[in-house]
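This is what each chain is made of:
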Amino acid sequence: MTELHVVPGDLLPPQPTGRRHLLSIADLTRDDVERLLATSRSFALSQERDNKKLPTLRGRLVVNMFFESSTRTSSSFELAAKRLSADTLSFKASGSSVDKGESLKDTALTLSAYEPDVIVIRHPQIGAPQLVARATDAHVVNAGDGKHQHPTQALLDLYSIHSTLGRLEGVHVAIVGDVLHSRVARSLVQALRLVGASVTLVGPPPLLPAELAATSYEIDSIAAADVVYVLRMQRERMDEGANYVPSLREYSARWCVTPERLRPGQKVMHPGPMNRGVEIDPRVADSDASLVVDQVRAGLIVRMAVLYDLLTTGPVLVETAMEVA
Amino acid sequence: MILVGPRGTDDLVIRRARLRKTTVDVRIDKGVIAAIGERLDANGHRVIEADGLLVAPAFVDPHVHLRTPGREDEETLASGTAAAAAGGYCAILAMPNTDPVVDSTDVLRGLRARAAEEAAIPVGFTAAITVGQAGAQLTEMGALADAGAAAFTDDGRPVSSAGLMRRALEYNAITGRRLALHCEEPSLTRGGHMHMGSVSAELGLGGWPSLGESLGVARELSLARDTAQPLHLMHLSARESVEHLRAAQAAGVDASAEATPHHLCLTDEAVRSLDPNLKMNPPLRTSDDRAALVEALNDGTIAAVATDHAPHSREEKDVPFEAAPFGVTGLETAFAALHTHLVEPGLVSLETLLERMSAGPARIFGLEPPRIAVGAAANLVLLDPAASWRVREDRFRSRSSNSWLVGKRLRGKVVLTVAAGRVAYEA
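So the protein sequences, as listed, match chains A and B.
Each residue of the first sequence is one higher than the last, beginning at 133 in this note's numbering.
Each residue of the second sequence is one higher than the last, beginning at 15 in this note's numbering.
Hints are computed from structural coordinates only; laboratory data are not their basis.
Any given hint might turn out to be false.
Quick list of the computed label-pair ranges, beta carbon to beta carbon [to be verified]:
#: 1; chain 1: B; residue 1: ASP24; chain 2: A; residue 2: GLU343; range: 52 to 60 Å
#: 2; chain 1: A; residue 1: PRO391; chain 2: B; residue 2: ALA150; range: 42 to 50 Å
#: 3; chain 1: B; residue 1: GLU63; chain 2: A; residue 2: GLU343; range: 51 to 59 Å
#: 4; chain 1: A; residue 1: SER222; chain 2: B; residue 2: GLU154; range: 27 to 35 Å
#: 5; chain 1: B; residue 1: ARG328; chain 2: A; residue 2: GLY397; range: 53 to 61 Å
#: 6; chain 1: A; residue 1: SER228; chain 2: B; residue 2: SER201; range: 35 to 43 Å
#: 7; chain 1: A; residue 1: HIS304; chain 2: B; residue 2: SER287; range: 46 to 54 Å
#: 8; chain 1: B; residue 1: MET15; chain 2: A; residue 2: ASN375; range: 34 to 42 Å
#: 9; chain 1: A; residue 1: GLY233; chain 2: B; residue 2: ASP113; range: 18 to 26 Å
#: 10; chain 1: B; residue 1: ARG404; chain 2: A; residue 2: SER228; range: 38 to 46 Å
#: 11; chain 1: A; residue 1: ASP219; chain 2: B; residue 2: ARG404; range: 36 to 44 Å
#: 12; chain 1: B; residue 1: GLU86; chain 2: A; residue 2: ARG266; range: 40 to 48 Å
In this text, a Cβ means the ideal position worked out from N, Cα and C, and glycines have one as well.
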């Protein structure tokens with residue numbers, strides 16, 4: 133196992149980076165993405181040790197504001213901050229003053245009084261992270277805003293694909309399901325395009341925005357993909373009576389990802405939570421082809437990298453340490 | 015009388031103003047233009063040195079939300095008309111979607127009485143087409159017209175029943191006023207926050223498609239043709255709507271239309287910022303739609319600029335884009351925005367812009383078109399087309415500042431407004 137040393141320079145107060153926020157993949161360049169993935173890979177090594185904690189962000193405060201339910205994202209942001217020795221303050225909308233009618237802006241200003249270095253926000257409404265970015269001095273990380281963006285999910289997906297296939301350039305990803313209501317898909321399509329991968333959207337016509345990427349209504353078209361990325365039917369974001377699909381039964385008959393519809397060697401991803409039997413067959417979810425657990429693991433280190441990237445400059449801690457070693 | 019406003023007139027001499035290609039003095043006696051010529055005798059009047067500034071007919075805005083009664087925290091008759099005066103307007107028409115709705119002569123008379131006391135410039139009040147703008151029962155349009163209703167509109171809540179709209183057009187023949195229609199097919203626009211297209215697909219915002227407007231436009235124009243009645247189409251935004259209108263006009267339908275400064279200046283690309291001050295209904299559309307609006311403004315298919323000035327309180331707009339209400343203010347920046355974004359780049363001539371902001375809308379609504387002519391009531395502006403200024407939130411006379419132009423630099427400034435013979439604004 134790689135021995136990790138902390139070099140003294142890394143404990144100096146980090147300099148302002150000029151990188152203010154992570155609101156959308158659309159704000160990133162390919163260099164930004166590659167830098168974040170490289171940083172993530174360095175942190176992956178640190179997570180193989182018995183003592184997984186790094187002192188890098190000691191004394192920093194990361195506030196997590198979650199206005200929508202979340203398992204993976206909120207827990208991994210909290211753990212990522214802790215692994216970097218930052219203080220964390222996790223705020224959930226229910227049980228707070230939001231129940232008493234406090235506006236998002238006032239909630240953000242209230243939490244700003246603690247002078248957080250980073251505010252991580254998840255919110256059901258598009259534009260909420262931008263509002264917090266306008267209203268506070270903190271670096272803001274979008275942990276999902278409505279149907280718009282979920283940039284750290286896209287980064288962790290790139291990380292997972294790269295660590296499994298060893299490359300991103302030229303990889304073909306089929307995204308299957310409810311793309312229209314998916315911030316994960318919007319972020320991922322942009323991220324894949326940035327790194328030279330190609331995308332096909334597969335699913336029912338009303339749920340595939342043709343403006344985003346190539347589309348196919350036939351599930352057979354996933355055969356051409358290296359990775360099949362399965363999305364959940366987001367019934368909570370659909371207007372009543374909108375009739376995007378006639379029924380879930382018809383949906384799964386046509387578009388459920390089953391072992392029979394996959395060919396050997398294909399990898400399957402899902403951002404969770406899964407509806408087994410609707411968009412993904414349980415046999416696929418539990419098979420060796422599934423990268424779902426890898427995605428969750430990648431979520432931690434990629435979020436460590438994002439926090440690190442916003443708050444520090446210069447060489448990545450672990451790489452530096454390894455050179456010293 | 016449709017317009018009500020402040021009493022009293024001023025005596026004034028404006029020295030050395032540019033009028034078309036000449037430099038002239040304009041003398042105003044008791045609110046009427048008494049003489050236009052060189053080196054006019056001041057007659058003891060107050061003298062304003064224009065020093066080469068442009069003198070032009072003052073502006074008329076047929077589409078303003080004064081939020082009174084009901085939301086005086088957002089705008090009052092006094093603040094809204096002061097904002098209009100600062101924008102160079104000598105007359106505005108207020109929308110009836112207030113609380114209560116202007117659907118009875120009591121509410122209308124009350125507003126007109128208050129305007130006579132509070133308004134900085136003449137204002138006309140439109141009344142609703144249906145009671146409570148609920149789309150079920152026609153208002154007493156005859157009595158409302160007699161009480162001074164400037165026009166009839168359910169702005170913001172389109173009449174969804176084609177049968178009722180047909181009835182409104184037929185019955186309105188007795189009033190001599192125009193029906194002004196907000197065209198929207200709600201089953202296509204539900205959940206829509208911006209134009210449906212490539213930008214909405216990327217941002218994940220619910221789409222409000224062009225068809226949501228143009229289908230309504232086509233319906234209303236068909237009804238107007240069938241009933242042989244006039245109508246006015248409000249705040250057109252889509253190319254398809256313009257095409258329907260042009261075809262109907264060619265077929266002899268008496269249909270007029272307006273476009274807003276924001277639809278004439280911006281496209282849906284601007285929404286990428288997710289700034290709630292770029293959220294309007296109808297939404298900003300593509301550059302192709304914008305080009306169609308500019309073309310229609312140039313050839314007169316769209317004969318009026320209307321601001322759709324829609325004040326919202328800060329707490330209503332300081333929320334995520336998706337949660338924000340539709341609407342932006344516009345009275346104080348309309349000329350400068352259009353001068354900067356249409357005239358300076360050569361898309362529209364200054365002459366055409368001035369006509370579409372003044373005589374164009376006045377004629378549509380049966381108001382006396384402002385003129386710079388001896389014997390005409392003094393409704394004029396002094397403009398400095400070269401002046402560069404920055405739009406500042408703390409300078410608005412409107413009680414609201416939900417403008418897409420805050421912080422932006424514009425070229426072209428209103429320096430003086432004379433409305434109905436009174437100096438209403440001086441920079």
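*Please write out, lowest number first, the hints stated earlier that are contradicted by the structure.*
2, 4, 7, 8 and 12
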